[in-house]
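> Read off the chains here:
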Amino acid sequence: MTTSTDHDSATLWRDGRPVYDRGETVCVIGAGPSGLVAIKNLKEYGFGVDCYERETGVGGAWNWRHDRSPVYASTHLISSKPFTQYPDFPMPDDWPDYPHHGQVLAYLERYADHFDLRPHIWFGTEVVKVEPADGLRWDVTTKSTGGYGAERTHRYTAVVVANGHNWSPNLPSYEGLDDFKGKVIHSSAYKDPAELRGKRVLVVGGGNTGCDIAVEAAQHASRCWHSTRRGYWYAPKYVLGRPADQVNDGILALRLPLWLRQWLLHLTLRLTVGDLRRFGMRKPDHKVFETHPIINSQLVYHVGHGGIAPVPDIARFRRHSVELSDGSEVEPDVVVVATGYRPRFEFLAPDALAADAEGRPRLHLHAFSRRHPTLAVAGLLESDSGLFTLVHWQTVAIARWLRLHEAAPQRAGQFWTARVAKEPDRRWVGAKVKDTQRHWFEVAHVDYLRALQKLIDGLAGAKA
Amino acid sequence: MKVIRFQDWARPVPPVRREVRSATPEVDEGKTPLLFVPGFGHGAWAFAEFWLEHAAGRGFPAHAVSPRGHGGSGDSPGATLRAYSHDVVQAAASLPRQAVLVGHGAGALVVERALARYPARAAVLAAPVLGGWATFANALRRNPAGTLPAVFGGRLRMRPRQLFSREVPQAVAREYAGRLGRASARAQWQLLLHRAPEPAVGDPPVLVVGSPDDRIVPASALTRAARRYGGAPLLFPGMGHDMMLDARWREPIDAILDWLDKSGS
Chain S
1 MTTSTDHDSA TLWRDGRPVY DRGETVCVIG AGPSGLVAIK NLKEYGFGVD CYERETGVGG
61 AWNWRHDRSP VYASTHLISS KPFTQYPDFP MPDDWPDYPH HGQVLAYLER YADHFDLRPH
121 IWFGTEVVKV EPADGLRWDV TTKSTGGYGA ERTHRYTAVV VANGHNWSPN LPSYEGLDDF
181 KGKVIHSSAY KDPAELRGKR VLVVGGGNTG CDIAVEAAQH ASRCWHSTRR GYWYAPKYVL
241 GRPADQVNDG ILALRLPLWL RQWLLHLTLR LTVGDLRRFG MRKPDHKVFE THPIINSQLV
301 YHVGHGGIAP VPDIARFRRH SVELSDGSEV EPDVVVVATG YRPRFEFLAP DALAADAEGR
361 PRLHLHAFSR RHPTLAVAGL LESDSGLFTL VHWQTVAIAR WLRLHEAAPQ RAGQFWTARV
421 AKEPDRRWVG AKVKDTQRHW FEVAHVDYLR ALQKLIDGLA GAKA
Chain C
1 MKVIRFQDWA RPVPPVRREV RSATPEVDEG KTPLLFVPGF GHGAWAFAEF WLEHAAGRGF
61 PAHAVSPRGH GGSGDSPGAT LRAYSHDVVQ AAASLPRQAV LVGHGAGALV VERALARYPA
121 RAAVLAAPVL GGWATFANAL RRNPAGTLPA VFGGRLRMRP RQLFSREVPQ AVAREYAGRL
181 GRASARAQWQ LLLHRAPEPA VGDPPVLVVG SPDDRIVPAS ALTRAARRYG GAPLLFPGMG
241 HDMMLDARWR EPIDAILDWL DKSGS
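Top line first, the protein sequences correspond to chains S and C.
According to full-length UniProt numbering, the first sequence is numbered sequentially starting from 1.
According to full-length UniProt numbering, the second sequence is numbered sequentially starting from 1.
Calculated from the structure, these hints are not laboratory results.
Among these hints, one or two may not hold up.
[Said to hold, decoys possible] Within a straight-line C-alpha distance of at most 30 Å, the following computed DSBU-like cross-link-like pairs (lysine-lysine) qualify: (1) S:K237 - C:K2; (2) C:K2 - S:K43; (3) S:K129 - C:K31; (4) S:K43 - C:K262; (5) C:K2 - S:K422; (6) C:K2 - S:K454.
Turn these sequences into a full structure, and let the hints guide you.
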């Protein structure tokens, strides 16, 4: 990669600081799964790309060496290979259906090498500010993660934000938490079951991470309570000897109405997993597909063996115990709070992403800024399947859009007005998904991909 | 560009043991790796005979994959074109850098399908058998006894003189023909009746090479194939269908490598 580094080469200035013009180059923020696929697809569409990555390696959340990685020693995928891999770069045939996080990192590293992406990435470089400049272009200010050297500003033709959304812990506030004498950690800080060995553990959160950690606690801790807000549907990883998501997509391919699919799944789960109330778990207060799917074959098994005690929501913390909403009390040594993460975009003015009071960006297809045609976000999705496929097609759409924007501005303008700027907010989900903090960018992969297909087709002929 | 792929998601191709034969240059010059894909009945051995070493000698890491049921790969009686192209994409993705796909005979049809799944740096279709009724009629006219059984799920038998020019000694031609295996009956039928492949991912440059004296692929088919990719075929008169095993095997592979050198791949 070539770039300007000495002040003499700066021809532009902003607030008395030099700005180095990168011409038609696109800036990608982050070299995790979303950033890598953005670089690759933008390159494929003929763009120059500079990517800034605060860590020293690729992989983002999947690189356990990174400060902000949420993975722990035993993390495995919960979507099977065909849903997880990029559609044009399959995972090896001899890998298992549900690879280990180490394999996912190896896959991402191989992807970066195979498509020669590393020369485009500035490692150890953090993006401090992204500001609109000169009409449709962007000034991106960076600094070294280690704090060495001064900040530098480069001007880009477009920006693709791929900074991930699973690194800033969402910590709910509880009454009495400050006085609690036990140890409280967020799941992002949990790395190894040794941390739980012999302890009394309370795991909070009914998501996939909460369930996985509860299963680990069942095997290593002296006691485990698992606190959830509501009852959930627990889908096993295998149904009829095949990965459950593959069976589900076999049903989706039949294009049955949602109610019939829900009925079929309720029936399958009743026949395979059974009535969870028998185990002391609560009946789900919603239909299947109305919350993010929980894929876990072992939770019910360990509840059945007494290794996990399901308990309701937390009411308040006391000095040495935790009071639950049913009035009962438990006395954990360690509380693992698996309450998810919040997306953060501190380097951008909230206005650029039309973010609401809670910081939720309002983007067309969860990807395109409605205010700035040359600003997009990649990978800001929670999906009922793996994310890599979705973000691949998202970045193909972004690359096609930017190409059209450059090659045929008039057609692009019409397209923008008709399809992006004015299109009302839509939820790309079939079912009525719970309106909670974690579900606002939930999508059903088929509904979402159909919408992307329409967009990509609409941008046809935009190739370089 | 097909985004929704229920078949790939819900019914992934089952894995099978895959034979990949390789020849790599002594010094890595950073050139694009080549992946050769043999046609029906052939295996990676067909390229290992001359082309792999020659390409490696010119600095290109060269690999050849045997699709399932061919060469040294695992058996797979019910294999489809989708399974063959899956094998090619798997082999390509396992290489350290983005590869050039070179398909010969019906292997070119497999490569066309693989290109819709894998963004190759470039592709070469050598003596491409892209199927359809015209190919079938041509094969039936030249070799009815070898072609007819395939209609009923039997083996497609090529005569040595269909595959090689007269410059290849009779005994050598017979020996090569004797090493041929067979594609699955389903794949043979799909050669006749198949949907047009989806467009190639990443729009790679495609070169068509062949011989006007090929007794399987008529010159008109070569022209048609090349036109689809906006070019004209590169022709090598006097050569048989199996260009990589013919007496003048060096000419087409040198032309292919020259083209890759020139296009910066």
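> Each hint needs a verdict: does it hold in this structure or not?
Cross-check of the supplied hints:
1. S:K237 - C:K2: It holds: about 27 Å lies between the C-alpha atoms, which stays within 30 Å.
2. C:K2 - S:K43: Cα-Cα ~20 Å, so holds.
3. S:K129 - C:K31: violated (39 Å)
4. S:K43 - C:K262: holds (21 Å)
5. C:K2 - S:K422: This hinted pair holds, its Cα atoms lying about 26 Å apart.
6. C:K2 - S:K454: holds (11 Å)
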